[in-house]
Amino acid sequence: MTDFGKINGKVVVITGGARGIGLATATRLQQLGAKIAIGDVDETAVKQSGTDHDFDHYGRVDVTDQQSFSSFLDEVERALGPVDVLINNAGIMPTGKVVDEPDALTRRIIDINVYGVILGSKLALARMLPRRSGHIINIASLAGETHIPGLATYNATKHAVLGFTDTLREEYRDTGVSFSSVLPTLTNTELGSGVSAPKLMRPAEPEEIAEAIAKLLVTPKSKVRVTKVAGAISQVVGLLPESVGDAIGRALGAQQTFLGDVDSAARKAYEERVRSGTE
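Read in order, the letters of the sequence shown correspond to residues 2 to 280 in the working numbering.
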């Protein structure tokens, strides 16, 4: 049985916390007694979520801006005490063929999904290492272990997050700081709107990701995949010869999941927001 009592009183910072996986995680960890601070680039949304859920601290944070991120962590520590856990959750997932992706959008995906994770990890490490205590959790994706047409740049960023997090785990072994990657499958949040999961892989619910993160805080490990079925398929396909693995992906429908099968109308609001720079 998981001893969730270990979470009580921990100061947890979650980026991209105004909605989706970030909000579900904040809500679950609050239920378990953690002191919750959510940050999000969407100031209106983060204020709404912060007040609706009575989180201990909330505010705007741009994970691509060193001053913004550092100042937010300083504010949290002044208000709640030293940060025990940083969950680098902020990320965007525009879809489409890479040749049609504007350069500005490519840079934006990389800035948020990769640089934001690296920056947050560095800032948290600077606070955690002197105390020899802390946990950095980076939200990656099963896309970081495979290749999905229609998500080329996103795939690249999630591969980067996995490599970065694994390297930190070795670089700071025996320092008292833990590092974990969370690899969700397609999840029922706005980020996944208008997209249907490939065959045999049901979408995850954000609450499932939140529960997996809660368990990581009790028993840290390097990676957790959600759902178990999708994670197992991803791992098995990765061990197969390239031609066989690719054929399985096509048979499951992955070739068109983020291209021809996308419901553009259902996805329109999300795509417009992430492409405009308000996400």
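Misleading hints may appear alongside valid ones.
As the list claims (entries may be wrong) - SDA-like mimics (lysine to any residue), calculated; alpha carbons at most 20 angstroms apart, straight line: (1) Lys123 <-> Asn189; (2) Lys222 <-> Leu253; (3) Lys98 <-> Thr168.
As the list claims (entries may be wrong) - Label-pair ranges, simulated between beta-carbon atoms: (4) Ala248 <-> Thr45: 45 to 51 angstroms; (5) Arg132 <-> Gln67: 20 to 26 angstroms; (6) Pro83 <-> Asn189: 17 to 23 angstroms; (7) Pro103 <-> Gly239: 27 to 33 angstroms.
In case anyone wonders, no lab produced these hints; they're calculated from the structure. All C-beta atoms, glycine included, are put in the ideal place defined by N, C-alpha and C.
Quick rundown of the hints versus the structure:
no.	hint	verdict
1	Lys123 <-> Asn189	30 angstroms, violated
2	Lys222 <-> Leu253	30 angstroms, violated
3	Lys98 <-> Thr168	30 angstroms, violated
4	Ala248 <-> Thr45: 45 to 51 angstroms	46 angstroms, holds
5	Arg132 <-> Gln67: 20 to 26 angstroms	22 angstroms, holds
6	Pro83 <-> Asn189: 17 to 23 angstroms	34 angstroms, violated
7	Pro103 <-> Gly239: 27 to 33 angstroms	31 angstroms, holds
The structure does not agree with the numbered hints 1, 2, 3 and 6 stated previously, though it agrees with the rest.
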